[in-house]
Every structure is written in C-alpha cells, then in structure tokens.
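Protein chains: 2
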Amino acid sequence: MISIEEAKKLVWEHTPVLGKEKISIFDSIARVIAENIVSEINVPPFNRSAMDGFAIISEDTKYATKEKPVLLEVIGEIKAGETKNLVIENGKTVLIMTGAKVPVNCESVIKIEDIEEIVKNGKKYIKINRYMPKGENISTKGEDIKEGEIIIKKGTFIDSAVFSMIAYLGIDEINVYKKPTVAILSTGDEIKNVGEKINEGEIYDSNSYSIYALTKKYGGIPKLLGISKDRPELLDRFIKKGLQCDLFIISGGVSEGKYDIVVDVLKKNGVKLIFHKVAIKPGKPTFFGKKNKKIVFGLPGYPVSTYINFDYLVKVAIYKMTGRTIPEKFKFSGILEKDVENKGDRDEFIRMISKIRDNDVYITPYHSQKSGVLSSILYSNAILYLKKGEKRKKGEKVVVEYLEK
Amino acid sequence: MISIEEAKKLVWEHTPVLGKEKISIFDSIARVIAENIVSEINVPPFNRSAMDGFAIISEDTKYATKEKPVLLEVIGEIKAGETKNLVIENGKTVLIMTGAKVPVNCESVIKIEDIEEIVKNGKKYIKINRYMPKGENISTKGEDIKEGEIIIKKGTFIDSAVFSMIAYLGIDEINVYKKPTVAILSTGDEIKNVGEKINEGEIYDSNSYSIYALTKKYGGIPKLLGISKDRPELLDRFIKKGLQCDLFIISGGVSEGKYDIVVDVLKKNGVKLIFHKVAIKPGKPTFFGKKNKKIVFGLPGYPVSTYINFDYLVKVAIYKMTGRTIPEKFKFSGILEKDVENKGDRDEFIRMISKIRDNDVYITPYHSQKSGVLSSILYSNAILYLKKGEKRKKGEKVVVEYLEK
Numbered sequence: 004m005i006s007i008e009e010a011k012k013l014v015w016e017h018t019p020v021l022g023k024e025k026i027s028i029f030d031s032i033a034r035v036i037a038e039n040i041v042s043e044i045n046v047p048p049f050n051r052s053a054m055d056g057f058a059i060i061s062e063d064t065k066y067a068t069k070e071k072p073v074l075l076e077v078i079g080e081i082k083a084g085e086t087k088n089l090v091i092e093n094g095k096t097v098l099i100m101t102g103a104k105v106p107v108n109c110e111s112v113i114k115i116e117d118i119e120e121i122v123k124n125g126k127k128y129i130k131i132n133r134y135m136p137k138g139e140n141i142s143t144k145g146e147d148i149k150e151g152e153i154i155i156k157k158g159t160f161i162d163s164a165v166f167s168m169i170a171y172l173g174i175d176e177i178n179v180y181k182k183p184t185v186a187i188l189s190t191g192d193e194i195k196n197v198g199e200k201i202n203e204g205e206i207y208d209s210n211s212y213s214i215y216a217l218t219k220k221y222g223g224i225p226k227l228l229g230i231s232k233d234r235p236e237l238l239d240r241f242i243k244k245g246l247q248c249d250l251f252i253i254s255g256g257v258s259e260g261k262y263d264i265v266v267d268v269l270k271k272n273g274v275k276l277i278f279h280k281v282a283i284k285p286g287k288p289t290f291f292g293k294k295n296k297k298i299v300f301g302l303p304g305y306p307v308s309t310y311i312n313f314d315y316l317v318k319v320a321i322y323k324m325t326g327r328t329i330p331e332k333f334k335f336s337g338i339l340e341k342d343v344e345n346k347g348d349r350d351e352f353i354r355m356i357s358k359i360r361d362n363d364v365y366i367t368p369y370h371s372q373k374s375g376v377l378s379s380i381l382y383s384n385a386i387l388y389l390k391k392g393e394k395r396k397k398g399e400k401v402v403v404e405y406l407e408k
Numbered sequence: 004m005i006s007i008e009e010a011k012k013l014v015w016e017h018t019p020v021l022g023k024e025k026i027s028i029f030d031s032i033a034r035v036i037a038e039n040i041v042s043e044i045n046v047p048p049f050n051r052s053a054m055d056g057f058a059i060i061s062e063d064t065k066y067a068t069k070e071k072p073v074l075l076e077v078i079g080e081i082k083a084g085e086t087k088n089l090v091i092e093n094g095k096t097v098l099i100m101t102g103a104k105v106p107v108n109c110e111s112v113i114k115i116e117d118i119e120e121i122v123k124n125g126k127k128y129i130k131i132n133r134y135m136p137k138g139e140n141i142s143t144k145g146e147d148i149k150e151g152e153i154i155i156k157k158g159t160f161i162d163s164a165v166f167s168m169i170a171y172l173g174i175d176e177i178n179v180y181k182k183p184t185v186a187i188l189s190t191g192d193e194i195k196n197v198g199e200k201i202n203e204g205e206i207y208d209s210n211s212y213s214i215y216a217l218t219k220k221y222g223g224i225p226k227l228l229g230i231s232k233d234r235p236e237l238l239d240r241f242i243k244k245g246l247q248c249d250l251f252i253i254s255g256g257v258s259e260g261k262y263d264i265v266v267d268v269l270k271k272n273g274v275k276l277i278f279h280k281v282a283i284k285p286g287k288p289t290f291f292g293k294k295n296k297k298i299v300f301g302l303p304g305y306p307v308s309t310y311i312n313f314d315y316l317v318k319v320a321i322y323k324m325t326g327r328t329i330p331e332k333f334k335f336s337g338i339l340e341k342d343v344e345n346k347g348d349r350d351e352f353i354r355m356i357s358k359i360r361d362n363d364v365y366i367t368p369y370h371s372q373k374s375g376v377l378s379s380i381l382y383s384n385a386i387l388y389l390k391k392g393e394k395r396k397k398g399e400k401v402v403v404e405y406l407e408k
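Protein chains in written order, with the numbering used here: chain X, 4 to 408; chain L, 4 to 408.
Bound-form chain X, shown alone (with noise of 0.2 Å):
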C-alpha cells in the first residue's frame, strides 16, 4: 500500500498533456488557457473619469477655501468615447462624464453633487471651496492592468472571473488544452441500470453517474460505456472500448476476487499496473495503470469510495491532461464539535459538516462514515484529514478542506 501523497505523485507523474486548440472566447468557460495571456492595452487606456463631473487642474483650487472660493471657468463637455487628447489652459474647466477621458493636464475631478455652478455675463463657471488633491476620482492609465503584463497564466481555469478578464482584455480567440475523453464503466452482477427493475440482492448504478458529474465538472468529455458483469469475455470488449479514450475509469470490481478478473483482463490488454491500493479509508482497492498514452483507474464499488477517490485522484489526472497546476483544495479551520479517532489502518477522509454561528465556524462530523453511504456526501460540506492513529479532541481547532460538489 502506498500513501495517497506518493499515488498522487505518480499519478502527476505518468499522465500526459493533451495537445491545444484555438477555440472562441465563447466556449471557453471551463476551459484551460495554453498560453500566457498578456495584455496588450492599458485598463484603464487613459486617465478616465470615475465621477460625472468637472475636470480640474489642481494647481487652480491651491488656495481655495469656503471663504475665498476660486471660479473655473466651463468651456465644454466630454463624454465617454470620445477620443481627443483634450488640454486645457488654467482657469478653465469641463463637464466630464463618468468613463471619459480626462483632458491631458487634469489631474482630478470634482463630484457634480459638489459644485456650485454661477453665470456671470453670459458664461459659466463652477465654485470651488477646497483644494483638489491629484488624482481624486480618476483612475489614471494603466492603474489596473498595465501594457505587456502578464495577466493570466498558462494553465488557468477559465471560471466567470478569469472568463471576464478575458473580454476585458479584449481577446475573441484562445489557445487552451484539449478536454479528455473519459470512458467510465461499471462493473458487477449486481449492478443495474437507472430505470430499470431492481430485485432483490441488486442495487443501482451511481457510480457511472458520480464520475459522468465530476468528469463535466473538471472538464473531461464523459462517455458511459454501461454495466459489465463480471465475466472475463465481457469484460474485455469494454476494456477494449475504454482504452480508446484518453481517460478509462472503472468502478466496482475491486474487492479481492472481483478485482482479479478486471486486472487479468486490463493486462491482458496490455495495460501496465503503476498501483493497485493506497493507504485511505474510504479507497483502499483503488488501481492506477496506463498503456501507452492511456490512463486507467480501477475505483472501489462502494458510492463514497467512488466519489472521493475521483476528487482526490482520479481529478489529478484530468488536471495533468489540461495543463493546470497539481489540484490543491481550498481550506478553512474551525473548532471540532466531536472527538475524532482514526483508529483504522489507513489515513482517513472524514466527511464534515461545518457551520458558522457568531463568529466562529463550528465542524461536526457527519454521523455515518461508512462507505456505502452516499448521503454522507450529500450533506457534507468538508473533509477531514486524519491521518492513521490521529486523535483530535472536541473543541480543538481543525483544518478541513472544503467539499466542492
């Protein structure tokens, strides 16, 4: 048995990267970016206008105060999208409107709400009472993404944000890496179909569902191959099927005489066994080989073993083959709410609920740890780590790895 650190290095260390592709910044959501994106224009591209306001040279309101007011005079307007280098002489001011380019020498703006505006023989001034420091209500070239800069990197997931800043930058097309191929199959006798008729002594196939979700989730194309009993002959058309694709998932088969058949037949198909059990609990009998460019995973029956292997492993394989970094969960801490012992033989992933009340986040764990307990994942919302022998006492401060589902 190795540890789940080393099966995730070696899983890291024998998946490929997928080729690229050019696609359109529409398809790009959940995608990963195969290029450094650099940004070839300044946000802003010029000094622009937080406010509707005037613009103000703030050498011209130096003296100004409540009792001895300086006038500026208005001789004009500048809406957002015009495009003139306007620059303007002391004394004067503009009409500027949120969004528009401040005139070359200005270096703030005062609010409209602020200004007194006068007529005085047939033109206009605004009354100004303060200094004007530079920079008030502008936001000068380039303060939130400058020219040449690197903004995104290789390997970045495209979520709403990163997808955002992709228009922001203006760009219609990018390169990113390929999505997998995932072939998923199950296997057992017992297993049926979703729809069909169950008897007794049988039991419906999530698995295949589990790795189709997160397979989507995580950017893989999911293609279901079906249930396969536990024969040799059958078994071995899927196998032959699975290992068309990039990424071969197999769940159910792996306890001790099951497990037998599936790797009989995987050798059998030439595939070359890198690990075949990892020191967790839930996930024990969990199988990684390739062949060639494929990756296969042998996942345990059970629903949560399923599920979590997927999440901790299975996930780093699809992240090798669409360029991303090692995935690393996101953590947060919080005060135990139970005492906790691993007393088993393997490190444990413990199913946690984790609630905030007043200022502190309090963690539970949920009441059944069982593998074949699917509802464990359903209303849980973190992990718990413990390693063999781990003991944490209630009240204690825990970190926990938040359950993305």
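Mixed in with the good hints there might be a few duds.
If chains are identical, the list can't say which one is meant, so a pair holds when it fits in one copy or spans any two.
To be verified - Below, a list of computed lysine-lysine pairs in the DSBU-like style, where the Cα atoms sit at most 35 Å apart:
1. K82 with K400
2. K270 with K334
3. K114 with K232
4. K144 with K219
5. K137 with K23
6. K287 with K270
7. K293 with K11
8. K373 with K271
9. K149 with K396
10. K332 with K156
11. K408 with K11
12. K346 with K293
13. K181 with K219
14. K144 with K287
15. K65 with K373
16. K220 with K244
17. K271 with K358
18. K373 with K220
Just so you know, these hints were derived from the structure itself, not from any lab.
Please build the complex by placing chain L on the supplied structure of chain X, with the hints as guidance.
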C-alpha cells in the same frame, strides 16, 4: 437609497417562479429539482456484506477463543447480485463476497484475511477464535436511505453529489424548474466588442461576458443582445428585444446622464421601477424593475460593480425563478491582516484574499478596491461585508463569504 437586504427582499418578492418540465437524468446537472424526491427503495436494499468473508450467526461464536476456536462448516458461496433469501443452520457458514446479500439469520461477516480454513473428512471448515459481534462488516438494510424517506427536497440544485444520489435511487427522469432566458445588453458610446479594434477613449465590453458566464453558472440561458449606443431610438430597439426574455440585464448607462435615457426608454416600454439605488459599494446605481412577469436589472458600468451586483442581486432573481431558496453564501472566518475601515456613505463589499498558514486562516484585503479594477475579482477568493462606518482591526477575527467564480 435602500439597503442591500431590502433590495434582496424586493427582488425575491417581485420575481416569479417559472414552470416545470420533465427531463432525463443526463440533462439534469445544474438544474433545480421541482419535486420532493422520495426513495422507493432501501439503501442498502438488504443486509449487505461490506467485505469478502464468511457469514456468521453471532451466537455460534459466543464461546470462541484462541485456545478453543469454533469450527464452522462452509456449505456454499454467495456472490454479489444473488437474490435468494438463504437461511443457514447453526454451526454452518457460507463464503460471501463484498456487496452480496447476507443470509437472513446471519448477523456478522468475518474477513477472509482473518480466517484459517481447514479440511476434515472431505468437508471444509473455518476456524474462528473470537466472538463476532452483531453488525460487524455488515451494512444493514436501509442504513443509508429508508424507503419512503424524502432524500432530496424540492428546490435543490443538482450538483455532482445530488446527481449521484438521483442515480443511486434509480431515478432516470425528474421534474425540474425551467431555465430562465436571460437577455444581456451593454450600453455606452465608449464600449467596443471583444475582437474589434479599439480607439483611444474606448474600452472593451467585459460586462456582457461576466453576465454571460454567471448566468450560465447559476442556471440561466444567456442571450447576448450586443452593445447599444446611448441613443434613445437605438436603446428602444434593444429594450423591446430584451423584454422578450424572462430576465433582462442591462449594464452601463447608469451614471447620472445616461441613466435617465435608459430609464426613460424602459418606462416608455412599460417597465415599472421597483428600486433604483442601493446603499452598497460597488453598485450604488443598480436598478430593478418589472413588466408583468419580466424582470429587468440595470447594473453599473464598472466591471467589479457588475460582477458583485450579479452575485448579490441578480442571483436572487435567478434562484427565485428556478424554485430555489434565497441564496446564501458559504462563510468562513479568519484573522485580518490589515486594518480596514469603511469611511464611505454605503456598506461595502471588500475583496479579500484568504490563505491558510499553519492552522490559521489569514485574510487580507486586495490592494485595490476600485470598481474599475476587475483584477480584484480575479485574484480574490472572499468578500468581507463592511457596514457603513464599520472598522475592523488587524489581528481581529472576521467572518467572510467565499467568492464563488
């Protein structure tokens, strides 16, 4: 100006719930369940062996010790998927595979690894040297899920875990709420579409794309209308189109002068304004209106304002339309690494970066909090909600909301 809480309440009250439709499980990821899902089965559906081993009548092992082991005769084998209700006699046992149905009168399973097999007079026996308590290595019928129990409540979002659970229950078709169609319009003379050449004074339309991505994420069908110049006759055409969708989101055009044009054209098209200013930063000039069952939002032009206001307000409407409960953010707490103070006249959403060091979560404000700085969304992972006038000191514990992207 109304508070964000009042604004949320108004959005929730005024937004209708959409209809339902029946779909295949395969199309159900990221949809919302429109009926309580009651289990028609027990899971496990029978007392199930959790190991490869031998099924035991606990009583038979009552006096078993190392010195005086008990011999049980092996009379057969049960594979997973076999449906018969076996009863065995005292003094006998059967080999049983993981996942298989335990004989009616057996109460525990001893692991195959823990057993010595012997042959005597041509018969096979196992030797047991300890008492096997009831329940050991057995998952009892209904332990995970009981027949007749509500497993997934109406209004539940179908994430990977819920999706797996639906399959687990054997359900292949479910009722879900319809997805809202969401029209997206950017306004502004200075706004250019991605991929186009940009002139000085102009900026790219990132808002349509933020709204597009977030709409998809939260379960709407985005329809990009494009960019309208700030002219009533053009706006009118776009607004008529936008009002054909369930939800219509307009970004930009909400600074003082432009705001009036957009609102005027909306009113002429029969839209009733419910609110038009919210006491939050960023996002003050947000407006919300409706026409019959159609919902309209106007979001400020700045990219951060659009992003945050979608996340805190538009999301409420999408949740209501799709039959969910009012959205709640995932919260956690940590130690503040810098003083923060809200000196403004509105409550503020401060973009924060949270990190784990040793056992503690440390939270720092992103260096720029301007509404124009989209990188503050890209690089942050949490939001600190700071009330008007509120001050938090370095070293204090603060509760923040996870920034989903």
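When the hints from earlier in the document are held up against this structure, which numbers fail? 1, 2, 5 and 17
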